[in-house]
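J.: Listed below are the residues making up each chain.
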Amino acid sequence: MIAWTIYLSFAGALLVLFLPRAWSRSIALATTLVDLIISLAAFFGRSVDPAHFHTIVRVPWVPALGMNYHLAVDGISLTLVLVTAITALSAVLFSWDVDLRQNEFFFWLLLVVGGSFGVFLAADLFLFFVFYEFVIVPKYFLIAIFGSTNKEYGAMKLTLYSFFGGALVFIGILAVYASANSLDLNQLAQFSFPLQLQAWAFPVLFLGFAVLAGIWPLHTWAPTGHVAAPTAGSMLLAGIVMKLGAYGALRVAMNIFPQGFLMWRNWIAVFAVIGIVYAAAVALRQRDLKFIIGYSSVSHMGFVLLGLATANALGVSGAVLQMFSHGVIGALLFAIAGTMLYRRTHTRDLDQLSILPLRRALPFAALAFTIASAASMGIPGFSGFAAEITILIGAWKSFPLAVWITGIGMVLVAAFTLRALKRTFFDVDLASASATPMEPITLPEKIGASLLMFTTLAVGLFPKLLFDRIGPAVQAMRFLQ
Amino acid sequence: MSYFDLLRLAWPEASIVLTALVVLAIGLTNRGTRPAITLLAMVGIALAIKNVLRLPHDAILFNGMLVISPLTSLFKIVSLALAFFTVALAQSESSLRHYAEYIAILLLACVGLMLLVGSEELLTIFIGLELLGLSLYVLTAFDKIDIYSAEAGLKYFLFGSTASAFTLFGISLVYGMAGSTSLAVLAQKLSVTNAQPLLAAGIVMTLIGFAFKIAAAPFHLWAPDVYQGAPIPSAAFIASGSKVASFVVLGKILLVGFDSARGSSDWHAMIAGWSPIISLLAAMSILLGNFVALAQTNVRRLLAYSAVAHGGYTLLGLLAGDRDGFSATLFYTTIYALTLLGAFGVIALVRRETGGDDLQNFAGLGQRSPLLAVCMSIFLLSLAGLPPLAGFFGKFYLFSSAFRAGANHGLLWLVALALFGSLISLYYYLIVLKVIFLDERSTTATAPAARPMLVEVATGVLAALVLLFGVDPSGLVARIVAALA
Numbered sequence: 001m002i003a004w005t006i007y008l009s010f011a012g013a014l015l016v017l018f019l020p021r022a023w024s025r026s027i028a029l030a031t032t033l034v035d036l037i038i039s040l041a042a043f044f045g046r047s048v049d050p051a052h053f054h055t056i057v058r059v060p061w062v063p064a065l066g067m068n069y070h071l072a073v074d075g076i077s078l079t080l081v082l083v084t085a086i087t088a089l090s091a092v093l094f095s096w097d098v099d100l101r102q103n104e105f106f107f108w109l110l111l112v113v114g115g116s117f118g119v120f121l122a123a124d125l126f127l128f129f130v131f132y133e134f135v136i137v138p139k140y141f142l143i144a145i146f147g148s149t150n151k152e153y154g155a156m157k158l159t160l161y162s163f164f165g166g167a168l169v170f171i172g173i174l175a176v177y178a179s180a181n182s183l184d185l186n187q188l189a190q191f192s193f194p195l196q197l198q199a200w201a202f203p204v205l206f207l208g209f210a211v212l213a214g215i216w217p218l219h220t221w222a223p224t225g226h227v228a229a230p231t232a233g234s235m236l237l238a239g240i241v242m243k244l245g246a247y248g249a250l251r252v253a254m255n256i257f258p259q260g261f262l263m264w265r266n267w268i269a270v271f272a273v274i275g276i277v278y279a280a281a282v283a284l285r286q287r288d289l290k291f292i293i294g295y296s297s298v299s300h301m302g303f304v305l306l307g308l309a310t311a312n313a314l315g316v317s318g319a320v321l322q323m324f325s326h327g328v329i330g331a332l333l334f335a336i337a338g339t340m341l342y343r344r345t346h347t348r349d350l351d352q353l354s355i356l357p358l359r360r361a362l363p364f365a366a367l368a369f370t371i372a373s374a375a376s377m378g379i380p381g382f383s384g385f386a387a388e389i390t391i392l393i394g395a396w397k398s399f400p401l402a403v404w405i406t407g408i409g410m411v412l413v414a415a416f417t418l419r420a421l422k423r424t425f426f427d428v429d430l431a432s433a434s435a436t437p438m439e440p441i442t443l444p445e446k447i448g449a450s451l452l453m454f455t456t457l458a459v460g461l462f463p464k465l466l467f468d469r470i471g472p473a474v475q476a477m478r479f480l481q
Numbered sequence: 482m483s484y485f486d487l488l489r490l491a492w493p494e495a496s497i498v499l500t501a502l503v504v505l506a507i508g509l510t511n512r513g514t515r516p517a518i519t520l521l522a523m524v525g526i527a528l529a530i531k532n533v534l535r536l537p538h539d540a541i542l543f544n545g546m547l548v549i550s551p552l553t554s555l556f557k558i559v560s561l562a563l564a565f566f567t568v569a570l571a572q573s574e575s576s577l578r579h580y581a582e583y584i585a586i587l588l589l590a591c592v593g594l595m596l597l598v599g600s601e602e603l604l605t606i607f608i609g610l611e612l613l614g615l616s617l618y619v620l621t622a623f624d625k626i627d628i629y630s631a632e633a634g635l636k637y638f639l640f641g642s643t644a645s646a647f648t649l650f651g652i653s654l655v656y657g658m659a660g661s662t663s664l665a666v667l668a669q670k671l672s673v674t675n676a677q678p679l680l681a682a683g684i685v686m687t688l689i690g691f692a693f694k695i696a697a698a699p700f701h702l703w704a705p706d707v708y709q710g711a712p713i714p715s716a717a718f719i720a721s722g723s724k725v726a727s728f729v730v731l732g733k734i735l736l737v738g739f740d741s742a743r744g745s746s747d748w749h750a751m752i753a754g755w756s757p758i759i760s761l762l763a764a765m766s767i768l769l770g771n772f773v774a775l776a777q778t779n780v781r782r783l784l785a786y787s788a789v790a791h792g793g794y795t796l797l798g799l800l801a802g803d804r805d806g807f808s809a810t811l812f813y814t815t816i817y818a819l820t821l822l823g824a825f826g827v828i829a830l831v832r833r834e835t836g837g838d839d840l841q842n843f844a845g846l847g848q849r850s851p852l853l854a855v856c857m858s859i860f861l862l863s864l865a866g867l868p869p870l871a872g873f874f875g876k877f878y879l880f881s882s883a884f885r886a887g888a889n890h891g892l893l894w895l896v897a898l899a900l901f902g903s904l905i906s907l908y909y910y911l912i913v914l915k916v917i918f919l920d921e922r923s924t925t926a927t928a929p930a931a932r933p934m935l936v937e938v939a940t941g942v943l944a945a946l947v948l949l950f951g952v953d954p955s956g957l958v959a960r961i962v963a964a965l966a
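If you read the protein sequences in the order shown, they are chains A and D.
Each residue of the first sequence is one higher than the one before, starting from 1 at the first, in our numbering.
Each residue of the second sequence is one higher than the one before, starting from 482 at the first, in our numbering.
None of these hints come from the bench; they were simulated from the model.
Wrong hints could be hidden among the right ones.
For each label pair, taking beta carbons as the anchor points, the in silico distance ranges come out as [what the hints assert, rightly or not]:
| hint | chain 1 | residue 1 | chain 2 | residue 2 | range |
| --- | --- | --- | --- | --- | --- |
| 1 | D | 964 | A | 454 | 25 to 31 angstroms |
| 2 | D | 931 | A | 187 | 55 to 61 angstroms |
| 3 | A | 66 | D | 527 | 32 to 38 angstroms |
The beta-carbon is built from N, C-alpha and C at its ideal position, and this holds for glycine as well.
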């Protein structure tokens, strides 16, 4: 059933391309809505056993080389499919007013979404890689055609970084394939690879994935890419694409090469912590609202990597929850900055935003941005808190020093988030400001933002909802200490 | 062995020669019936394919001069199919003023391909090379009014004849060592002789001719001029048919004939033989092709340099040296040929409409004719190696076979280099796509001439094939693997 998210998204993309232009956004909306319903049904249904990577489709593909069209699902996949569907739906809602080459826009958007579903469900390493690389080109066109600031540069940089990561992953996959002579992820998760191979193949594979997850110092594609992308593009990048890297690191690199992972995990933690602190410090100095959010994404993904590096059930579960949480929060922040504010003010510069009476003109945006900021800072009651506290508790067992340094990072995150919040909405003296009439927030925007806000609140209040699915799946991983 | 048997087994080649003669005769008597000639050539090729299918499963004539095996039959069909599409491209090419002669020479070049593919004996291979080469020189210089066509033809001829001389000399040295030109006998004889300087010289010289044919650096210098200057169908056929046949033969010579002189190109463990030479050619081709392609502003020239790089990738499969590697090479080069033919089809249409094939002539193609732009994206992204296109699977197959071969993943250095090359290539392919989809049209619009249907259909079919072999490569892979078994 959940496999239909892939097929529906691709079918939707083709329909959008070939049916009249005026229908495209409705088709995209219907597609992503059905995707969300399917993934919710799968998530809450009892048919999936979260602890096992359970096969749902398996058809021979290239028998001569042992490739299968093989999909499977466990708790981690379920969680990430869900966040993909949520982000995709709200991205479509926030693109309701795109009028330039509308059908092309939704075509590329649905391709990214479909490919991402494929990555999260693939159980054959080759199929996984096909979906993983497939997403690159739609991203390029989404940004290069529909983006803004420096779009061609941002798009090319993002594409080349993705492809570079893909090349490293390629080498890692070749090493796996040549050594185990199998591409089945479940079989590979039981195969014991020689230590010598793991020692060099793990870092290659992990680094390849980590490029897409925004690991420092290979994160620079993320801020420029996010800034150049159209709103929906930024939402997909932050909400989904960065998770592809983190998911690959967990499902493929760590689970296939457990000893290699344990050899290298201290380094992962070091880079993760540097990323958290460094990106937050850089964000503090930015004036462009989207750059601030872009760097905050890098910082939040640092938490994911730190959680993965802990190699204990708590930390890794926290990392998966953080993937979900950041997907929602990052998408919400970009939606507010890119569509709610930029479309009406035509600026993302904090200095220029600070003199506009935005709080009065756009009260809904002010509310949404306050909630998103609170969630991003990790205030209890929002999903960010649940995820980060779990990661930090997990990390405390393995890297106490890292937790202390991460503490500094969290202070910086709070600082730049509050700064952005204050400068955009709470700097101006409403009494003296001239009233500039602004187009009110539209209904699709309100629905999209409410969906994301509701999700982060719901998960923040009942993290058990996700932990029940994530926990057993993580317990089944073999690298745990 | 009676002559009747010979005729029966060589019937596909003979029927193409017959078709060529009939086409020539028609051209002499009745000028200006392009559709009729095209139709005749296509029917002739289709019949030849049918004849290939009716050949016996296995046969060897005259010590390997003419060999019939599943492998040769498969690649005769591929060669014929490539010629078929080339004829389709040629039909509307306005620069070809003696159309019947052009088609006849094209068909003779195709016979050269079939001889090359269908032989396991050095002399017949040389004859095939020459027949192919001489036909291609003429095809390159066919546009007598265009000075670039003449330049390209002369360059191709001078480089080609020098390379042929080297190859012939190499073959004579090898014959002197082994006393036979049959690949199977050669393999036997060479395995018991010790490595001698004379043999090394013979092998190196033989390889030069093939390095020239596949445009491997540093023997690639003719390629950019020919790809850019020759009439488009000629360039397309040189880029596709000639390359496929050369790889098939090169693979047979290296893996069968010179098998005992392989050596090793593993990192830190190189052993003298042909393997280090080929690996050097591959590495140079990948680096030079990709880096120089970055600076090109003419799409045909860009494709030429990328062809040098792709030649380098394809050599990886031969370096792997096992059946897996050879079948990966064959798969990749077949896919590459289809892709490049299609790309040249798009270029032909764009040139017809805008009068040139520089990068700026492609500006706004995405809006002008979306379907053509989609076809071009399919071809270029397949060349870059992105899923779900055939180039992606081809690269995976090729690199995985190279990675597996050798002790301790000794070819990893070349695989990493090839992936680095692909990364660079993605940049320049995306630049072309950027121009197609993003840039506004800058050249003055000419009156939209009626598009030649045949070229459009051929391009569309090729794009569909590239997509199809990407989504489901199992059919072609299984056929190649079975042919090599």
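J.: Which earlier hints can't be squared with this structure?
T.: Per hint list: single violation, 1.
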